[in-house]
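Enquirer: Given only the sequences and the hints, what does the whole structure look like? Please build it.
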Amino acid sequence: MTLPAGPVKALRLAAALALLGGVVLLEATSPAPGEKPPTGFSEHTWTWEKAFEAKLQERVEAARCREHLRFLTRQPHTAGTPGNFRVSQYILEHFREYGLEAEFAEYDVLLAYPEEVRAEIVAPERVGLAQAEPAHPLDPLTDVSHDPVAHLPWNAYSPDADLDAPLLYANYGRPEDFRRLQEMGLTLEGKIVLLRYFEGYRGGKSYEAEKHGVAGILVYSDPMEDGYFQGEVWPEGPWGPPGHVQRGANVYDFLVPGDPLTPGWASTPGARRIAPEESSILPKIPMVPLSAVDAGEILRRLGGPAVPTGWQGALPFTYHVGDGRLRVHLVNRQRRVRTTIRNVIGKIRGTEFPDQMVLLSNHHDAWVYGAVDPGSGTATMLELAQVLGQLAREGYRPRRTVVFANWDAEEYTLTGSTEWGEQFAEPLRAGAVACLNVDAATSGSDFSVSASPLLRRLIVEATQAVADPQTGQPVYDRWAQAASSPNVRGYATGAAPAAGPPIARLGSGSDYTVFYNHLGIPSLDMLFDGPYGVYHSVYDGFVWMARFGDPEFRYHAAMARLWGVMALRLANADLLPFEPEAYAEALAAYVEELRPQAEPEFFARHLAPVGDEAHKLARAARRTQARLRRWLRNPNAHRTELGRANERLLQLERDFIHPEGLPDRPWFKHLVYAPRPSYRAQVLPGIAEALEKKDMARAAREARRLQQALERARKHLDEIR
13 MTLPAGPVKA LRLAAALALL GGVVLLEATS PAPGEKPPTG FSEHTWTWEK AFEAKLQERV
73 EAARCREHLR FLTRQPHTAG TPGNFRVSQY ILEHFREYGL EAEFAEYDVL LAYPEEVRAE
133 IVAPERVGLA QAEPAHPLDP LTDVSHDPVA HLPWNAYSPD ADLDAPLLYA NYGRPEDFRR
193 LQEMGLTLEG KIVLLRYFEG YRGGKSYEAE KHGVAGILVY SDPMEDGYFQ GEVWPEGPWG
253 PPGHVQRGAN VYDFLVPGDP LTPGWASTPG ARRIAPEESS ILPKIPMVPL SAVDAGEILR
313 RLGGPAVPTG WQGALPFTYH VGDGRLRVHL VNRQRRVRTT IRNVIGKIRG TEFPDQMVLL
373 SNHHDAWVYG AVDPGSGTAT MLELAQVLGQ LAREGYRPRR TVVFANWDAE EYTLTGSTEW
433 GEQFAEPLRA GAVACLNVDA ATSGSDFSVS ASPLLRRLIV EATQAVADPQ TGQPVYDRWA
493 QAASSPNVRG YATGAAPAAG PPIARLGSGS DYTVFYNHLG IPSLDMLFDG PYGVYHSVYD
553 GFVWMARFGD PEFRYHAAMA RLWGVMALRL ANADLLPFEP EAYAEALAAY VEELRPQAEP
613 EFFARHLAPV GDEAHKLARA ARRTQARLRR WLRNPNAHRT ELGRANERLL QLERDFIHPE
673 GLPDRPWFKH LVYAPRPSYR AQVLPGIAEA LEKKDMARAA REARRLQQAL ERARKHLDEI
733 R
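So the sequence shown is numbered by the numbering used here: it starts at 13 and just counts up by one.
Think of the hints as simulated: they come from the structure by calculation, not from any bench. Just so we're clear, the structure is a prediction, and the values are computed from it rather than from any experiment. Do not rely on the hints blindly, as some may be mistaken.
[What the hints assert, rightly or not] Simulated pairs of lysine to any residue, SDA-like, Cα-Cα distance not exceeding 25 Å:
{"id": "1", "residue 1": "Lys67", "residue 2": "Asp480"}
{"id": "2", "residue 1": "Lys681", "residue 2": "Arg692"}
{"id": "3", "residue 1": "Lys359", "residue 2": "Gln101"}
{"id": "4", "residue 1": "Lys681", "residue 2": "Glu701"}
{"id": "5", "residue 1": "Lys296", "residue 2": "Arg339"}
{"id": "6", "residue 1": "Lys48", "residue 2": "Asn646"}
{"id": "7", "residue 1": "Lys359", "residue 2": "Arg441"}
[Claimed, not checked] Cβ-Cβ distance ranges computed for the label pairs, FRET-style:
{"id": "8", "residue 1": "Asp174", "residue 2": "Glu438", "range": "43 to 51 Å"}
{"id": "9", "residue 1": "Arg651", "residue 2": "Pro675", "range": "41 to 49 Å"}
{"id": "10", "residue 1": "Gln194", "residue 2": "Pro675", "range": "21 to 29 Å"}
{"id": "11", "residue 1": "Gly322", "residue 2": "Asp176", "range": "25 to 33 Å"}
{"id": "12", "residue 1": "Ala649", "residue 2": "Asp624", "range": "33 to 41 Å"}
{"id": "13", "residue 1": "Glu309", "residue 2": "Gln720", "range": "53 to 61 Å"}
C-beta atoms are modelled at their ideal positions from N, C-alpha and C, and glycine is treated no differently.
Expert: Take a look at the structure:
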């Protein structure tokens, strides 16, 4: 029987190489009796795919991941700095060494760097705040006093300011927190507020504070969330010491990510640019980050009422909201400058469908050393590139193109990925199969994933094929066991509740955003999670990883295997391993989630038809999937039909992309998923946001847009005949 062209070419070339140079030929192992191929594979193709996956898994080495991470964390490498350029060169050189077609993709974007960042209490007494993170002899690299960027913890893009104002404590800075202060009779306008990190993205906190007339923000990590309340702190444990400070961007990229000066188009040479003051995503008020030590100096001196329930942190005294007597002097000066950033793009070109692309996504810039975020992901990507490059040289090349996309300036505004996605929007819309994003590969051993429901079956089957390093059992088994625990962290499932462990909904906060929310490319974001309290601080370095995160680098290797298996299945399947039925069932559940927000009459008239259409899509998916399973029994006889089916499946997520985008933020074009200012996912965002504003006419229009998208998707599935 005729085998798929990709495996045939691979084996022929491997045989020739074996004769010429003694290369070991990849073995084709037949599936075990009764073994079913994974979703999308005929038995013929699975015979070869199984052998290639076995070789992939055998060749991954934890030791190489360790050495990559050691280099990546030698020096601070904030985007646009010489250290980051050296990191990007390292990645490019290794991609080329491994046999990938590799190049830089450069963009000229607006970045920001600190010049003066400080805060002090000036009344009722003067108290200086240290702000710099203390070095520790266990890790000499924690001394960054020599580094012109890393030595000052700062929130990038915060505007210049020199403020002297009364301070109030406002908990997490959520809308409900500001409302509570107003209910207590406190005036926010013109005040500086002290906020704690967590329960939302820092830019969302600033956005909300700005709406309430706040003059400036101090933000800190309370030990309740990431310090001694959770367990042993660095250097004795993985949690944050009291002196650590979380850096990060203060920018409103939940409105539009990417270069603030080119909103919606790529920052290529000669591109039109707006003035910074025209940008909708640059904040109008300053934000300065503090350690818990410095925040404690403020909190212990605050008067006024004791804080409401839920506002108390873990510092050893009662928190108060303030009474206007404590004043703070805040200074923030940053240098905003247009800077060249460099994505590193490597490719293994597909043999049969070179215009169809599987994107593997990670970034390399970090606020300081970034051992977890993003170094663990970068080290893992380099290891996977080496293994797949070796297999390609031995004759195996995937049927579809595999793209290793290593982004720059993610930490600022998801900048590198957004600019690249905007520049290459048309070929991506036409041929991108999926985006598999790994930002931080590991900070522990607990598997966690957020994804499009279309990828649910791929995730389940891939985690069943890769062993957990601790147990030796499939990653899936430990994931499922953890998910069934009453203590598991709550996820909002994007798939059918009974379909296995929960898969979280994609919000924002990493490089899949342009591909998923703007272009409609099915995406996922995954990691092995664990206790991690040094996020965006000087302590997130190689020593932390080697002591606490992944001492033997076995979970780096496990992620390389898992990432690789997913990539190969998407690249080599006869039929794209998507699950339209899971998508339709999730949509029907999302409509029901809106029921409490809508009047019964409105729900019956406008939202119930959307739910009905989602059920119709589920039925169409079941019919189509039954037909496709029959074709896979004899793929050579149905090659043309399978090709057309893949074209329709490629467009399924795109059916939920509307060219006009969401009403208040048109860059975000996905009708089913969008990020909130907190970065968490908002499902059915057009409808949900209209209901929140009590704009029923707009909610009805958004419901109709979604219903039309569902009809479009059903039509495309029914065309698979």
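Enquirer: Is 21 to 29 Å a correct range for the gap between the Cβ atoms of Gln194 and Pro675?
Expert: At 28 Å between Cβs, range holds.
Enquirer: Is it true that the CA of Lys48 sits at most 25 Å from the CA of Asn646?
Expert: Holds, at about 15 Å.
Enquirer: Is Lys359 close enough to Gln101, meaning Cα to Cα at most 25 Å?
Expert: 16 Å, holds
Enquirer: Within 53 to 61 Å or not, the Cβ separation of Glu309 and Gln720?
Expert: This hint holds: roughly 57 Å between Cβ atoms.
Enquirer: Check whether the Cα positions of Lys67 and Asp480 lie no farther apart than 25 Å.
Expert: 18 Å, holds
Enquirer: Hint says 41 to 49 Å; check whether the CB-CB distance for Arg651 and Pro675 agrees.
Expert: Given about 44 Å between the Cβ atoms, the range holds.
Enquirer: Has the hinted range 43 to 51 Å been met by the Cβ atoms of Asp174 and Glu438?
Expert: With Cβ atoms ~47 Å apart, the hint holds.
Enquirer: Under the criterion that the straight-line Cα-Cα distance not exceed 25 Å, is the pair Lys681, Glu701 satisfied?
Expert: Holds - the C-alpha atoms of Glu701 and Lys681 are around 14 Å apart, at most 25 Å.
Enquirer: Just to be careful, I want the Cα atoms of Lys296 and Arg339 compared with a cutoff of 25 Å; is the pair within it?
Expert: Since the Cα atoms of Lys296 and Arg339 sit roughly 21 Å apart, the hinted pair holds (cutoff 25 Å).
Enquirer: So if I understand the rule, the pair passes when the alpha-carbon distance is 25 Å or less; does Lys359 with Arg441 pass?
Expert: 18 Å, holds
Enquirer: Take the C-beta atom of Gly322 and the C-beta atom of Asp176, compute their distance, and say whether it sits inside 25 to 33 Å.
Expert: Given a distance of about 30 Å, which is inside 25 to 33 Å, the answer is holds.
Enquirer: Quickly compare the C-alpha distance for Lys681 and Arg692 to 25 Å and report which way the hint goes.
Expert: 16 Å, holds
Hint violations for this structure: none, all hints satisfied.
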